[in-house]
Each structure stands twice: as C-alpha cells, then as structure tokens.
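Student: From first to last, the protein sequence lines are chains A and B. When we follow this note's numbering, the leftmost residue of the first sequence carries the number 1, and every step to the right adds one. When we follow this note's numbering, the leftmost residue of the second sequence carries the number 1001, and every step to the right adds one.
Do not rely on the hints blindly, as some may be mistaken.
Coverage of chain A stretches by chain B, computed from C-beta distances (three or more under 8 Å per stretch; other residues unrestricted) [to be verified]:
id, region
1, 48-59
2, 211-219
3, 250-258
Rather than coming from a laboratory, the hints here were simulated on the basis of the structure. Remember, predicted model here, so these are calculated numbers, not experimental data. Where a beta carbon is used, it is the ideal one built from N, C-alpha and C, also for glycine.
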Amino acid sequence: MAKNLEKLGVTFETDVLIVGGGLAGNNAAIAALEKGARVLIADKSSLYRCGAIAGGVDHFMAYLGTDTWDTQEAYLEWVGRIARGVVNLSVQNAVFCKELDAAIERMDRIGCTLKQPDGNFFRTQSLGQPGPYFINFNGKQLKPLLAKEALRLGAEVLEKCSISGLLTEGENVTGAVGFNIRNGNFYIIKAKAIVLATGNTNRLFENPSGLPFNTWQCPANTGAAQTMAYEVGAKLANMEFVRITVVPRGFSAAGLNALTGMGGKFVNASGEEFMSRYHPSGNRSPRYKLVEGVMKELYEGRGPVYIDCRHLSQSDLDHLKRTLGYDKDTLPDFIEQKGVDLGKDLLEIMPSEGMQAGPSEVCGSGILIDEKTASTAPGLFAAGDCADQMRCVHICTTGGYLAGKMAAEFAMGSGKEPKLLLPQIRELRKKAFAPMRTSGTISYRKVEDTLRKMLWQNAGPARNERSLQVALEKLEELSQCFKEIRAKNYHELMRVHETHQILEVAKMMCTAALARKETRFGVYHHRTDYPEVDEEYEGQIVLWKTEQGMKTAFKKLDYDKIPLS
Amino acid sequence: MPPVIDVNKCNGCGICDFHCPLDVIHFGEGQRFPVVKYPDECWHCGSCRLDCPVEAITIRFGPEMLYL
Chain A
1 MAKNLEKLGV TFETDVLIVG GGLAGNNAAI AALEKGARVL IADKSSLYRC
51 GAIAGGVDHF MAYLGTDTWD TQEAYLEWVG RIARGVVNLS VQNAVFCKEL
101 DAAIERMDRI GCTLKQPDGN FFRTQSLGQP GPYFINFNGK QLKPLLAKEA
151 LRLGAEVLEK CSISGLLTEG ENVTGAVGFN IRNGNFYIIK AKAIVLATGN
201 TNRLFENPSG LPFNTWQCPA NTGAAQTMAY EVGAKLANME FVRITVVPRG
251 FSAAGLNALT GMGGKFVNAS GEEFMSRYHP SGNRSPRYKL VEGVMKELYE
301 GRGPVYIDCR HLSQSDLDHL KRTLGYDKDT LPDFIEQKGV DLGKDLLEIM
351 PSEGMQAGPS EVCGSGILID EKTASTAPGL FAAGDCADQM RCVHICTTGG
401 YLAGKMAAEF AMGSGKEPKL LLPQIRELRK KAFAPMRTSG TISYRKVEDT
451 LRKMLWQNAG PARNERSLQV ALEKLEELSQ CFKEIRAKNY HELMRVHETH
501 QILEVAKMMC TAALARKETR FGVYHHRTDY PEVDEEYEGQ IVLWKTEQGM
551 KTAFKKLDYD KIPLS
Chain B
1001 MPPVIDVNKC NGCGICDFHC PLDVIHFGEG QRFPVVKYPD ECWHCGSCRL
1051 DCPVEAITIR FGPEMLYL
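Whenever a hint applies, use it, and build me the whole structure from the sequences.
Tutor: And the structure:
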C-alpha cells in the first residue's frame, strides 16, 4: 500500500491537517499543537503572508466590560438583532464569547497586542454597533507573528500547495490531496481530522474596476473549502448572500471602518450627508445599508459620492494617516498617488465587487458548524470565513483557535487509523491534472470573466426567481466548457481549480437564493419578487449534495433566549 | 502595475517570491532577480514591500485604478 501510494505522489501523515494558513487556520494550528497533536498546514502561499490579513489588519471587535453596552449579554443581544435570520447565538457564544479573553491574552503573548503604546485600547464605533466595539490596533505583523508561533510549536507547513480534494472512507474524512503550484508535485496527506479554513469566495462577481484581482478580500480565496466540503456531503448555510462593501473609487481596499469609525461622512455631489435618509445610524449604519445608500445615490443621479474627512481634528487626522495602512498596507500610497489629502480633499468612493461571505461582521456564510466547529461530515471541521458562523478578525481568531482544539481532541480521541483508498486517490489525481492534458484551448480567465458578468446580472444586488433560474442554467452550460480549459503551467492549473470552485459556489448561491423567498440584509439578498423581510425566514437555508443534485432545507433559529453559560 | 522591484537595490534573497499570497512574483533558478510574472493578478496587499529587507520594492498604481 505504502509503496503504491509513493508511486502516485509525495505522502504525508498527520493528526490534524489544516487547509488554509490564514488568520483562522493559523490560530487553529496553534491550538492543536498546544493540545499535543501533530499538525500539517497546507497553503497556496507561505504561512507568513497568506489569506485575508496577509498585509495587515487594524480592527478587532470585542466587549470589555466597561459599560452596559460592553458586556457579553449586550453583545449577543445586538448580534441577534443585527444578524437576525442567519446567526446562531448558541454557536456564536461558543466560537466567540467563550474564547474572547484567551484570544486577547494570546495576541499579547505572541507580540501583537491589541493595545496602544500607552497601554490603553483605542476603540471606535461603526457599522451599527451600540457602542465602540472595534479595537483599533497595529496588525501589520499579525500574520508573520502567528506563523512564527505555530512554527515554534512544531507545525509542519506545505507551502505553495493547492489542496484539490478530500479523501474519505465511508462517511469519514481521512485526508486530502493537492499539488505544488510551481513544480506540480502531487501530495497525498493522511489525517485523523481536517480543519478547512480557506476563507470566503472572491472573483465571483463582475468587478466595477474591470480588474478581477482588485478585490476587497483576498483574491486567492475562491471557495475551495466550500466546494470540497460539499463534495463529501457536508452541509452549508447562509450561502445566498452577495456581500458588497464601499471602497475608494478604483481600488477595492479595506479601510472603510477606519474612516467612518473616526467620523468620516458620506456625501453626494451636492455635498448632502445622505446616509441619514437611509438609516437612523447615518454614517455609522450597518454595512449593507451603506452600500444601499451609495448605490442609490449613484444610480439615481446624485453622484459622484465621497467620504468627507475634512472636518476631523488635526489629532484625529494624524491618527488616521498613521493607522490607515494597518488594514490595507498600500491604501495610503493609493490616496497619495491620486493626489488626495484627507484633511483638505474629498475621497471618491464606489460600491465594491460582490463576494460570497457572511452578510454581517458577526455572522458567516459557508460550511454549517456546531458549537464545536464540527461540520456534518465526521472528522471535518471548519474555521474562519468559510464557516457559516465565523466572520471578521475577532471570530476568525477565537473560532479558529476553538476549531484547532476540537480537531485535535477528535484526532487524538479516535483510536482508528485512517484508511486511504488507492482508486479514490488515482481518480482525484487524474482530475487534478486534467487541465494540463486537454486538447482544449479556452483560458480560465475567459470562463471566469463570463461567469462574473452573468452572475452580477442575474444574481447580484437584484435577483428574482426567473433570473436565478437563468443563472443556474448558464452555470450548468459553463460547467460543460470545463473540459476545454487548458492550463499551460502549474500556476495556471491552480487558477483553473479556482475557476471550478468559483463556479460551484455560484451554483450554491443561486440555489440557496431561490429558496429564500424574501428580502434580507437589503442588497445582500434583494428578491425583487419578494421585496419585504418575512419573519417566517428567521433561520438558515441549508444545502447539501444528494445523488439527485443539490437539496435545500430551511432551519429555523431561535432568538428568544440569549445563551450566557 | 505594482509592485516595482529596483534591481539596483535587490539582494536576491527571494522573500518577495516566497511571501507573495497570489504567486505573482517568481524567482526561479537561473534568474538574477525576481520578476513580477503575473502583474494582473496582484492584490496590492503590500506583503512584498513590507518584508523586503533592503527596501527595493515600491508600489505604483496604474492609471486604470487612479483615474477610474
């Protein structure tokens, strides 16, 4: 068996395999290693700079007990209100609240404190929060510091590795296969437990800048986890929402929180502060409301729209200038090269591209997890933006860590040695390299570009039953092109795999969007044929693979009781 | 078209290739300096510039982004 395996590829054996070494995956690795498990992390990049916070991050949401709004109860009450209809409060309590204190302490310990040099927290309020929940901090070195901690604890890392499929025996997950994106080495990994942590799905919708890799979140994140989990029968939820944000015109960069948190105002062409017309919280409204406001101003002819920071005090402007690059390292360069001075000029903004991600900062979209971060497939755990209850820096840090602990416990508690099946590995190997062998001549980029345009048209910020059905029909037809997509090298092979994942996520999104016959989170799921919020839909659309195709079911959620234990 | 690598400053350490999350920068055998092989796939995350030990990398945005 071992010899036959070695003929097929390079083999590895571990207790916990972590797919995706970003914020959640790296925290999972640290937790599993602290539990004494052997850990292998596979990532398409290096562990030092991978995932959504590669170049840095600047905010961490937390309650700190300083006031009535600053407690676990107040936080969960707000979460239940702002993310109603998708958020599971019992899971939130487990993946965030119970892990919060340890996470703040851990960040201190690894050398990336959440405090300012004077020892205090710098907190700001935005995106519909009842008080200043966002802690601003300097997270430019957070990713390399987390990497160093995992390596210090003994993590093994497979860099430049694209994981292309999961291995199963019966319903149990037993490992994964992948390839090196530079030299094409094929990897076969046997694992007792797996944590999927590959983030949300980008490059999914047409990009307003016309540049598909100019995305708000990491464009290397293309739904690998969601696709692979679906393939082995795990359930997914909250997949219907198209997340959009507001970005500087021309550059889909993070940094909105920093600007609005400091008091930046949204203004239109005539200088009117328009957000108060859309939501009582005005400039500090929930994100989906900001997007709706900006879109309406533009499409109804009151654009261009801007963020105005000219009224800020010199000390606030200095703080902003010093810290704006913490979230997106190159945003200060962009603003400077545009010739904009935030103290004197307006910064023009636009809606970003759409993406598959949680509809709120406090709820995710993706693989359905329970209070232990376990998916419905035995041995398979999910963490970070690819899990249905995790989103944003705070939950990816706390929930990632919990996923590592739970996966390690599962791996070390199972007496059984995972069994690998040779025919399954041969099949996955053939499938992985098929785009290198095809006689077809279509480029991945062409298929992706078509998909993005078509999906924005039919399943973007306005969708209805017919448009979603049309989208599904066209996605099916695009799937038929797949055998003709050619990869000229292993870098392109990685991209073709990503295109496949994007396409599969698009199908899940349209199917789930058809099942939710209401509008929720404004433009994030705006059914023009069901334009109102319907209380009957306070719950999740769950989807999974069956022999007859994709199935959905509605799972009601309870908001009557706030879990505090 | 970011990033821009100044070959007069580059010491050939290869960190930019190793750390680039998008596999945009390649520094293979037989090359004297790393090259920005897939500029259209850059995320502008700044990781290469942050980690370059000799400050050989600058970020220059193109007209397609600055003047949209």
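Student: So is the region 250-258 of chain A in contact with chain B by the C-beta rule, three or more residues under 8 Å, or is the coverage claim wrong?
Tutor: holds (count 3)
Student: How does the region 48-59 of chain A fare against chain B when you require at least three residues with a CB closer than 8 Å, holds or violated?
Tutor: Since three or more residues must qualify, the claim that chain B covers the region 48-59 of chain A holds, with 7 doing so at under 8 Å.
Student: For the region 211-219 of chain A, do at least 3 residues have a Cβ located nearer than 8 Å to some Cβ of chain B?
Tutor: The restraint on the region 211-219 of chain A holds, since 6 of its residues have a Cβ under 8 Å from chain B and three suffice.
Checked against the numbered hints listed earlier, the structure breaks none of them; every hint is satisfied.
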